[in-house]
Amino acid sequence: MNDSLPNTRILLPLLGLLLLSACGPIEPWVKPYERDRLADPIMALDSDPVSTSYIQHVYEAREGARGGEGAAGGGCGCN
Amino acid sequence: MILATPMMLQRITLTALLLAITGNAFAGVLPEDRADVLYHLYDGGGVEIDGPSILIRKQVGKSVSVVGNYYVDMVTSASIDVVTTASPYTEERKQWSLGLDYLRGNTTMRVNYTSSEESDYDAETVGFSVSQDMFGDLTTLTFGYALGNDLVRRSDDVLFERDLDKQMYSVGVTQILTKNLISTLNFETITEEGFLNNPYRSVRYADSSSALGYSFEPELYPNTRTSNAVGIRARYYLPYRAALEGEYRYFIDTWDIEGHTGSLSYTHPWNDFTFTGKFRYHTQTGAHFYRDLFSGPQATNFRGRDKELSPLTSYTFKLKAAYEFLNDDGNDWGFLKRGSVSASVDLLHIDYDDFSDLRALAPIGSEPLYQLDATIYQVFVSFWY
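In order, the protein sequence lines correspond to chains Z and F.
Each residue of the first sequence is one higher than the one before, starting from 1 at the first, in my numbering.
Each residue of the second sequence is one higher than the one before, starting from 80 at the first, in my numbering.
Same shape as in the complex, but just chain F (with noise of 0.2 Å):
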């Protein structure tokens, strides 16, 4: 029985929605023909998540520039959600996407079109975005739309069907401050409309008919959500060449959630090595139909026990580091410009506030904070031609 899968893909979803409207930071200039081969591995909380993504962008003609992506999640789970209310699964998610860039003076258009299928799950974006270079290319633009059309279906029942649409919109500003100092701001909302919850996923009421105290049912969510989010970050390079990064981000939504999240990176080259370490900080409310123990069956008229969705403190250490063993300096590999090889690996921790570690078998109500340590690994290989 699959249990998180659906939720975790309609978020990843989400991803494609956000990305597939968001702006080049210099929109009057066509992105660096490249070619990427990314291996990526998740693995925390009893959920392991691996598989590579591709990418290749080349431009043709003067003004246009086409991308693929190729991407595949390979999901083996047996996380809390599932050995507390369900079986350990393994699952593929595979999605691909096609975009076009068209550059006409300072104007950048684009379109793009994601793909993602699963076996109870399928995902279709559509994007278009259009950036504007002004005040001498001091400027950048952009403005965003974004169409989703989902499926939702079951495993155990064919004859289970459910969409889901969502639209997004959203408004960046990239500004070159001074000669040392870049920033951009974004706002962006996303509305969503139809099947928002997990077909498997169950919520838990007190029932004293039960040997633990307690029960599960289906549990319910609203079938709109609309949320808005605002982005500012800055890139300022230091005069012994590196850079700092900061990057703040306000999250509210129609749920009662309320987001705060903050991040501190720092950049230095060394040789062709170039390494980069990174802190991200993450806060927020939970959503007004959250309960950890609901009261009864079927006690509020929403109900929802996503830990997701859960008052929580995220935490995220990163290192990367990058070596170029190809460069512009006169090397004899034909096309090749550039090439580098990169590894990167997280740390991420989530501390939950409400949210009960089911596992420990304790008395209702004394169970302990579910906590989540995860490993995200990176390795990938990139060349510019």
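Isolated chain Z (complex conformation) (with noise of 0.2 Å):
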């Protein structure tokens, strides 16, 4: 293994208390009223799982990248 990537064992816990410390009683400064834009379903960040989860195969088998295009969920099928 290369020793020059970052140590997931240690990366993940150390991100997710990052994440947690904010924990916070933070404002929503985005009310619920005024997301309806957001709930559009041209704003849908995976309108298409099926179809989304498809091209994801291709771009596997054709490149040596994979990985960190997260947010397929809500319904593909293998989430």
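If you're looking for bench data, these hints aren't it; they were derived computationally from the structure.
Since the model is a prediction, treat every value here as computed from it, not as a measurement.
Incorrect hints may have been included.
Claimed, not checked - Pulled a few chain Z residues facing chain F out of the computed Cβ check, cut under 7 Å:
(1) Val30
(2) Glu34
(3) Leu38
(4) Ala65
The C-beta atom is built at its ideal place from N, Cα and C for all residues, glycine as well.
With the hints as a guide, dock the two chains, each given alone in a separate frame, to form the complex.
Now the structure itself:
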């Protein structure tokens, strides 16, 4: 293994702690009634999960990189 | 003789691993009940792959949603690898998966099982993830883990069997930034241990005793690989009801492949239609053990000539149109709420910086570099209920 790569066992808990450390009493700066545009279907991060998972298959097969393209959930059949 | 499929399948099962633990953007709500029937066709580089993908998702009670997917790849391959070192072949891969989402308060837990079968490759993946909504549902944090076990075989050797174990860890954050802007940040690590090379593929080495000036020998990969990827994506609502999305991913692994991937897409609704255009760019360095031409037989400890592990740049241009033929406005289709039909085409072009096209039969070392052009078609019907 290449030693220059981050050690996952250290990095992931640290990232989690960093994120959780922000769990103070934060006031939502976008109120629920202001989220109508975000709820519009054209703003869905993955409106067609079955299509997204297929095209990710294609890129996995044709390129050497993988991962880092999360948020494919919501019904792809594989989350 | 089969040449390309196992490596392709290995990568595809990695996709299953990735998808097994990625989270929903809005964890505090169960995914919508829907059914999709998709037909896909990949045509390029002498390879044709097509088949269906069927997905059904249904909520059970108030807090559980179950999902099933059946996917088929029917492969007919006369790729450049095949025509230069083997024989064209046909193959079929079947994959099915089952998943369950459990919503409790602002927490969503997911489990998923995926099984894939081919004549010379079996794969199983189990995934688990937890998503938590916080800060007034502005933020969704997802942790995921998946475990995959593959079995690699050879179609021409019944005694050949090798294992490949995979593990994946992921952390993702989906963040509402403004009333017009949503973003995601994902970090994923994948570790693999076992038989990582293709049992059929060969590498090329200089051989003065050969009429061509080169010969082939089996490739040999390291038996471990760890990769890290971080991706950021943002989607913005434009004032006239349209959406703009940008995405960037950085990738690095222990085989010295470093990649940058970026894309920009635009979505524009018009009456009952929705049109999307997207451009994607990817560039990567090659694996440290990749050579287009080795200096001699067994020249290095590890050897590979898989063009997907070579330095390359890819470009994709996508067009998609969706037509909603059924909507919520008082339809009389019984339990169906919405229905749409979609079609898309992706034009993929790949420039390989260090992978020669041996079909040219040029003098050794002066062969032209290979280029790939592929067209990817998708047609699918979706129903929400």
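Verification of the hints:
Interface hint status for valine 30(Z): upheld, as the beta-carbon distance to the closest one in chain F is roughly 5 Å, under 7 Å. Interface hint at glutamate 34(Z): satisfied, since its Cβ lies 4 Å from the closest Cβ of chain F, which is below the 7 Å cut-off. Residue-level restraint check for leucine 38(Z) holds (minimum Cβ-Cβ distance to chain F is 6 Å; threshold 7 Å). This hint holds: alanine 65(Z) has a C-beta 4 Å from the nearest C-beta of chain F, less than the 7 Å allowed.
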